[in-house]
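S.K.: Chains as they are written, first to last, in this note's numbering: chain A, 1 to 309; chain B, 1 to 1096; chain C, 1 to 381.
Be aware that one or more of the hints could be misleading.
Stated by the list, open to error - Okay, derived cross-link-like pairs now, DSBU-like style, lysine-lysine, Cα gap no bigger than 30 angstroms in a straight line:
id, chain 1, residue 1, chain 2, residue 2
1, B, LYS195, B, LYS258
2, A, LYS67, B, LYS349
3, B, LYS349, B, LYS906
4, A, LYS67, B, LYS865
5, A, LYS164, A, LYS67
6, B, LYS618, B, LYS202
7, B, LYS195, A, LYS67
8, B, LYS901, B, LYS618
9, B, LYS1016, B, LYS346
10, B, LYS906, B, LYS618
11, A, LYS67, B, LYS906
12, C, LYS152, C, LYS375
13, B, LYS442, B, LYS492
14, B, LYS346, A, LYS67
15, C, LYS75, C, LYS375
No wet-lab data here; the hints were simulated from the structure.
None of the values given here were measured: they were computed from a predicted structure.
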Amino acid sequence: MTEPQGTSSIDAGLNRRSFLRKLAGAGGAAVALQALDQLAADPAQALASYEAQIQELSSTSGGDLSKLDVLERMRRELVRALEKPPEERRWVMVIDLRKCVGCHACTIACVAENRLPPGVVYRPVLEEEWGVYPNVGRRFVPRPCMQCDKPPCTPVCPVNATYKNVDGVVVVDYDQCIGCRACLTACPYGARTSDFGLTYNEPNPVADGLIAGRTVAEGYERAPSFEYGEARPRQERTSPIGNARKCHFCLHRIAVGELPACVTTCIGRATLFGDANDPASLVAEMIAQPNVIRLKEELGTEPRVYYLL
Amino acid sequence: MDERRGIQQPSACELSRRDFLKASAIVGGGIAFLGALPGFSALQAARAQAEEGALAYPLADPANQIYTVCLQCNTGCGIKVKLLDGVATKIEGSPFHPMTMYPHVDYNTPIASAGTMEGAICPKGQAGLQSVYDPYRLVSVLKRKPGTPRGGGQWETISFEQAIEEIVEGGDLFGEGVVPGLRESYALTDAAVAKEMAAAVKAIHNAKDADSKRALIAEFQTKFADYLDLMIDPEHPDLGPRNNQFVFAWGRLKDARKDFIARFLNAYGTTNAHGHTTVCQGSLYFTGKAMSEQYVDGAWTGGQKFYWQGDIGNSEFVIFVGASPFEGNYGPPLRSPRLTTSLVEKNLKYVVVDPRFSKTASKAWRWLPAKPGTEGALALALIRWVIDNQRYNAPYLSAANRAAADQLGQTTWTEATWLVKLDENGVPGKFLRASEIGLREKETRPLSTDPDKTYEFDYFVALVNGEPVPVDPYARDPESAVRGDLLVDNVKLGDFTVKSSLQIIADSAREHTLEEWAEICGVEARALEEIAFEFTNHGRQAVADIHRGVSQHTNGFYNVLAWYTLNALIGNFDHAGGLIKGSTYSATGSKPGQPFKISQSSGTMVPFGTSIIRHNEKYEKHTLFLRDGYPARRNWYPLSSDIYQEIVPSIGDAYPYPVKALMFYMGSPVYSLPAGHTNIPILADPKKLPLFIAIDPFIGETSMFADYIFPDTMYLERWEFHGSHPSVAFKIQPVRNPAIAPLVPDVTVFGQQMPMSLEAVLMAIAERLGLPGFGEGGYKDYGDFTHPDDLYIRMVANLAFGEKEDGSDAVPDADDEELRIFLEARRHLPPSVFDAARWERLAGDYWRKVVYVLNRGGRFQAFEKGYKEGVIPEPSANYFGLDLTVTANPFATMVNIYQEKTYDVKNAMTGEHLVGYARYFPGPYAVTGEVLNDEADGFDLRLITHREIMQTKSRTSSNYWLLALLPENAVLMNAVDAEQRGLKDGDLVRIVSPTNPSGEWDLMNGKKVPMIGKIKTTQGIRPGVISFALGFGHFAYGGVDVTINGTTIPGDARRIRGFHANAAMRVDPYLGNTTLVDPVGGSAVFYDTFVRVEKV
Amino acid sequence: MVTIKRILYVLGILALILGLYGFYNRLFIGERDVNYGSYVTWGLWVAMYLFFAGVASGSYMVAALDYLFGVKLFKGLGKYALWSAMVTLPAALISIGMDLGHMERVWKVYLQPNLTSLLAQMVWGYTIFGAVIVISLVLAARQKEGTSWALKVMAAIGFVLAIFVSGGVGALLGVNASRAVWHVGLLPAQFPIFSLATGTALLLTIVSFFGAANDPQREGRQRALGVITIVLLLVKTYILWSDFSMSLYSGVPQNVQAINEVLYGTYWWSFWILQIFLGTVVPIVVLLVPAWAKNRILSGLIGVLVLIGFAAARANIVFPALTIPELQGLAEAFTGPHLNFDYFPSLMEWSVTIGVVGLSTLAYLIGIDRLPFLKTQAEVA
Ligand SMILES: Nc1nc2c(c(=O)[nH]1)N[C@H]1C(S)=C(S)[C@@H](COP(=O)(O)OP(=O)(O)OC[C@H]3O[C@@H](n4cnc5c(=O)[nH]c(N)nc54)[C@H](O)[C@@H]3O)O[C@H]1N2
Ligand SMILES: Nc1nc2c(c(=O)[nH]1)N[C@H]1C(S)=C(S)[C@@H](COP(=O)(O)OP(=O)(O)OC[C@H]3O[C@@H](n4cnc5c(=O)[nH]c(N)nc54)[C@H](O)[C@@H]3O)O[C@H]1N2
Ligand code: SF4
Ligand code: SF4
Ligand code: SF4
Ligand code: SF4
Ligand code: SF4
Ligand SMILES: [Mo]
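Make the full structure from the sequences, and use the hints.
M.R.: If you want it as structure tokens, here you go:
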């Protein structure tokens, strides 16, 4: 059992934590800018174009949004929200069950984005059928992590590896987590799964020259994921293997001004995301609708995922 | 690991994929492998940043993204592939493509700022990595091990060059005797002679009677005496040259590759180039063709193989019939947001006619589980109600020609008012011509194709206020406008009794009362009335949107025609919210001003003669008719093409002639066809098919029987112009272009490196045979044709140039930043695929435009331009208001609701005329017309099939992510049916049918695959009907063990779970080795089989 | 009783060998081959943790009868009880340690704990409890005549701690508001009683098997332990009944489902055969018949049966609550390894557990054979 990331000191652990907090925390837009900055060959130019973009976005907010796919509208709103200090924004997700077509694209987008191994899923879509022929009903209910404001999953963690970060997302510090699954047990939504170290391709043969084989096939599975803004290639018995894992609202994408993977791939446009503290945002508008509910409201978990019926 | 271990890695750009493979092969798997993983240096950078507390997310960098086109199903959504040092690690929807964003973003959005813009794609699209990086992909040419039978699962690898030599030259390749190579069938090579012969054959066909035909045949034999040994059968010169004995067939094919193949096959000189349309939604296309035929130069011609779909984003009311836009149907990413948005935010209501309670039905206002096969009856019931209650769009229907349509501000018109002659039994036949009643003399007019020649134009006739008036369909001058009487019943004009087309349709609809129709369909008459009322209560913003559940029946053609006729009654063609058609930018160089005419060639053959599937030809004209008379040995298809289910069985019957070699590209008839198992004994028998070559990245259910399998580049590795779909209002042309380095190795053809692929195979054959149009100087004015890029880059240049001669709709030049991103994003591609210098040379002046187009994965019309003047109609208050909101890419011509050309065709079995209008023919019936009644024999359940959104046919069973959503399919059965049979959830049953009493696939290799599935009870299916989802129950495709070079490669059982009941589907009793067919539209029939389930 | 000891040695070694596969697999391959997962989050090992922890704390309670309360009949038995606590506590800790995805990070619970977490409290609690056992053992080994005050104080601390930690594991489950079956006030309270019962049963076995033949007290002790066992079993059954009937009558679907799962589910046999028949009915009957109760082999085996019954009872508390999906349709929505709602331990899990049982059995035997202060009496036997 080696500690690959050199976290075998308390210090390192704490640093990681502070990093995690910083990720969606301190100076969100600044982080985003910095990131974009790094992506371009000429940082100055990139910065300028990014600023111009923000300008443009801010000006569209009052304008005609009906000409935009909600995906584009929400992306612009996201960039706007990133300009605010993190504690002033409130990320929420709104899932319109009238629009969810049960396609599971969100499930798979999330699996792909976060390189989830077999047995790990952040956002399954549950299906119900009811009624008697020919009066039948069928409904699809996507279930990400609710990012509860009163999360039962965090106080049970023996090592503070999971907690609500500055802007309200419940995160898991992979290098802190000891893998006890207490948080899995405590979550009333079944929203956490553990990584048991499998890969989808591992049962497959390596047969070089005859077929492409497992070695080639595993490339994308082993490639680093960027959860929590950290590049982690998949490596035997190294975090996140052995950890509890869950939906994190794609913080690493949000930080660069990109919507969560499940949101952008929603073919029914049923999943909305944004800053509920921005009164002009789509999500703020939606959570004020009379047909809004939250799952298992009676448990007092105060989910940040809202459903429209 | 990694940096801590101090493993030094070459920088990302230097580490080619091959190096990477090599490296990983040497150091083995596991952690060492990870050290060599591409993405490593990005990872290192990311780590460094992470440690500094900064954030890294390289995937949002436009320089790590390539825009291309999905092919996980055939919809072809725009995608963005996110790369980590050459490995595709995430796929997103493209924001530029109207199928993935609605509205799509401005085409001129700088690519630098599109890094975080994403559209929506379905789960298959998301899982595409698992198709491309499939461990079971082939990476070298496989040859059936000599001495082992086809389908035996014993293979040897063989060099590409050796394989090409063997298939071209033939010889004793398998120790079973001499196999004829492709050189042998490359018989006639003189294009001039071929052209003359083709003309002679045409003359034979046009000869009036048998005797003159015989005389012309004799004449042919003397004239071409020197060439007769090159003919398949000199007694039947219309079968064409022996070149036709080489058959090239495909499943999935799109432009660019299609153009490539056409170039090759034209040079080779075979007419046998056949696609899979009829297994897909054949009769939709071919009814579309019949409805779009135009009367040009005195004949019905130019029908387009196409169909219409609803512009549902602007509809207020939709009837989906046998279509499930949330699950399949071209495709969920495109259609879902339009539907859900309108449902919740506008005032859309829709009906779903489907025996199964689909996901689409889950949001419907009404679910109408009508009996399968009665779709036409249902449409006629609605037609009846609409006509009886005069709820049709009378102004629209009254327009008899273009001038009248123009006056009404309509883009289309129909023959509703045209008069049709009845025979002595009152059966409608041809349109009345003005000269026939002395109304107007024929006119001599110049031919549109050749103004120096003329033809006799005879006017059609309509009644206006009871008086006959001549009709010129396309006249534009206002004086010629004819607005005819709609319902004209049994009027005598001269020697003729006539009816208007609309009257004929009304009569057809009145064959039954509404209650009788309801009874036939197994639904409530009240529901029909309500639906008919709604349908006619939203102006032209209502539409009946149909798909496979309508077309894939023995009566498919007429079902489709009935539904389109219903649409015509409200005149919704070309209207926002009505029926629209797809349109694509041309890239062939056929538009004036476009830089490259891609068909340019140093020479080509002139393929002629009858195709193995006998399409596009009337049996009565053929010399085989002289020999055989009625019934024909197999059916002929004058109105359709791409009769997929006929390819292999016709080869098996050697009708109309034996075939020497079959090359199959990206299709799997054994798996995908109904009764596909009937193809196995033919494919497995070298006597029936001497040489069988597959181009397939996998050992699939069909390619497993091949003699040779050539691997191919897959969708993220190659070129194709994917085109559009009927429900897209915008003009588009998405370009599939290489995003990752191919997993297949390079080969050398014409001295150039290229990936082992379809293109390489065809070029190598061309090189060996010395086919014209290839190699040095093969591209005539443009120089050599020695690399696929010679074609593809030029096509992109045409696309970038646009369709205006003056170049005014060319895309902008890429600026430096765009170019930088373009090059950087492709830094991992090997020179055999991407060579900036080569591409730039080919694109010439258009290089920066090419970059601009490729940076966006194609060309897409602006959202505002999709509709005329950009107006999307407000809900129309007035009943059939003449709103002008039409698509900017309209059909804009006559819609045939009465088809003279169809009437003119005779059934090759019976010699009877076909019916040219919407009518209900109770099915299912055999190709001979004999109605089948398997229910009487105790086959008490009707078998249908459907799609789940997470699977396609032979491409996604390897996608483990998708299998996690649904590891296997089930036998969907109504709970009542289950209870009656004592079945419960999870029980295993075998599906048996009249033509597959043992309920299994016999692979003819000693293995039998039973059709046994788990019962899943539901309330959501019509009692008496069972359904199964496509994509499961594979029996090859990496799921079973195969032996290559003596090494056994174990199959992965995850890929073959569930069952595939296509082999239970009914075999036609007359044809014997083919599924039931729609004899008119050509559809392979999926939904007309009665089965029994047996508990196991 | 030397034969029994021999048999136990052989069994212990055998179990250890069987366990090697599990230990190896778990330590060097990871958690891939376990059958618990993300829905049934806690499996055999957690049940065994609860069980062994219960035995350890129960044993300590029994020891306290000697050292703290000075119950005559138990005089001299305290050190054996302590020793059984000493060998079962590590068994508990190994079981739970194996269950951690990152056991190499356990230190974090000490150095970076979240003390509001019951799990953290338990780790701390058991660590302190472990220390108390060790100290008590040392003191017990040193003492010559009578109980030293130091040992008395220690025993007092240990006794309270034993109640706390055994109740704590109940609370660990009980705090999960989302698991209705666990989320009952009674749950934590039951655990100390269960612990005492297992402690008693273990001692019953020890006294029956290893009690010195010439010890005049032995028979009386065996009898007394038998009676206490009967009483505790009855109390346990009563609690079980009240628990189940409350749940069933509450009508909370999750509860009813969970109880039905226990009674009639896939593992009905674990409840009816192991827990009720072998673990409760048979012991009560045998112990009630004086002639049988006197029989050393029989009553020793009865102790073992009671232990098995309680192990099954732990499993029957842990699993059923976890086999009910938190949301309808979760099981079908996404499938994969470790995403099942039904659970049966894998070979590897059994192997580890068997190994752990083997380990503690051997440790116990070696202790009574080799440790001088335990040896004396045992040798007499
Ligand atoms: N997920 C997925 N999507 C795909 C594809 C895929 O393989 N997988 N393939 C693409 C291709 S190639 C095509 S052609 C399209 C096809 O798209 P669709 O035609 O929409 O799909 P199907 O599932 O073939 O059939 C549509 C519906 O017809 C119903 N049906 C079956 N029998 C009958 C009948 O007798 N009458 C009526 N009224 N309905 C019936 C089925 O229950 C189903 O809901 O999908 C495209 N999209
Ligand atoms: N039961 C049932 N059967 C159906 C249907 C249904 O609804 N139900 N739908 C029908 C419909 S709509 C259609 S369109 C047909 C489709 O039927 P096909 O066109 O025959 O099938 P595909 O799955 O498109 O292609 C199959 C072959 O292409 C190979 N392939 C995959 N990728 C590539 C590639 O990149 N290059 C090359 N060269 N080969 C490749 C696969 O290995 C496989 O052998 O299926 C039909 N079959
Ligand atoms: S849904 Fe579950 S995992 Fe997510 S915050 Fe709430 S309790 Fe925690
Ligand atoms: S699994 Fe990890 S995050 Fe969850 S409670 Fe245990 S240590 Fe905390
Ligand atoms: S927000 Fe991100 S992590 Fe959460 S479900 Fe969506 S894709 Fe997955
Ligand atoms: S992607 Fe959207 S429509 Fe599809 S299942 Fe998820 S939430 Fe529903
Ligand atoms: S519908 Fe899905 S699989 Fe088909 S092309 Fe679009 S994204 Fe790809
Ligand atoms: Mo299709």
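S.K.: Each hint should be assessed against the structure and marked as holding or not.
M.R.: Hint check results:
Restraint check for LYS195 of chain B and LYS258 of chain B: the C-alpha separation of about 23 angstroms stays at or below 30 angstroms, so the hint holds. With a C-alpha separation of about 23 angstroms, the suggested pair LYS67 of chain A and LYS349 of chain B falls inside the 30 angstroms cut-off, and the hint holds. For the hint linking LYS349 of chain B to LYS906 of chain B, the alpha-carbon distance of about 42 angstroms lies beyond 30 angstroms, and the restraint is violated. The hinted pair formed by LYS67 of chain A and LYS865 of chain B meets the criterion: a straight-line CA distance of about 13 angstroms does not exceed 30 angstroms.
With a CA separation close to 36 angstroms, the supplied pair LYS164 of chain A and LYS67 of chain A exceeds the 30 angstroms bound. The suggested pairing of LYS618 of chain B with LYS202 of chain B holds, with an alpha-carbon distance near 12 angstroms, which does not exceed 30 angstroms. Between the alpha carbons of LYS195 of chain B and LYS67 of chain A the distance comes to roughly 55 angstroms, so the proposed pair goes past 30 angstroms and is violated. Proposed proximity of LYS901 of chain B and LYS618 of chain B is supported: the alpha carbons are some 12 angstroms apart, at most 30 angstroms.
A C-alpha spacing of about 36 angstroms is found between LYS1016 of chain B and LYS346 of chain B, which places the hinted pair above 30 angstroms, so the restraint is violated. Restraint check: the Cα-Cα separation between LYS906 of chain B and LYS618 of chain B comes to about 8 angstroms, which is no more than 30 angstroms; the hinted pair holds. Under the criterion of a C-alpha separation no larger than 30 angstroms, the hint pairing LYS67 of chain A with LYS906 of chain B is inconsistent with the structure, at around 52 angstroms. Taken as a hint, the LYS152 of chain C and LYS375 of chain C pair is honoured in the structure, with Cα atoms around 23 angstroms apart against an allowance of 30 angstroms.
For the given pair, LYS442 of chain B sits about 21 angstroms from LYS492 of chain B by alpha-carbon distance, which is consistent with the 30 angstroms threshold. Distance restraint check for LYS346 of chain B and LYS67 of chain A: the Cα-Cα separation of roughly 15 angstroms lies within the 30 angstroms cut-off, and the hinted pair is therefore satisfied. Proximity of LYS75 of chain C to LYS375 of chain C is assessed by CA-CA distance (about 16 angstroms); at most 30 angstroms being required, the pair is judged to hold.
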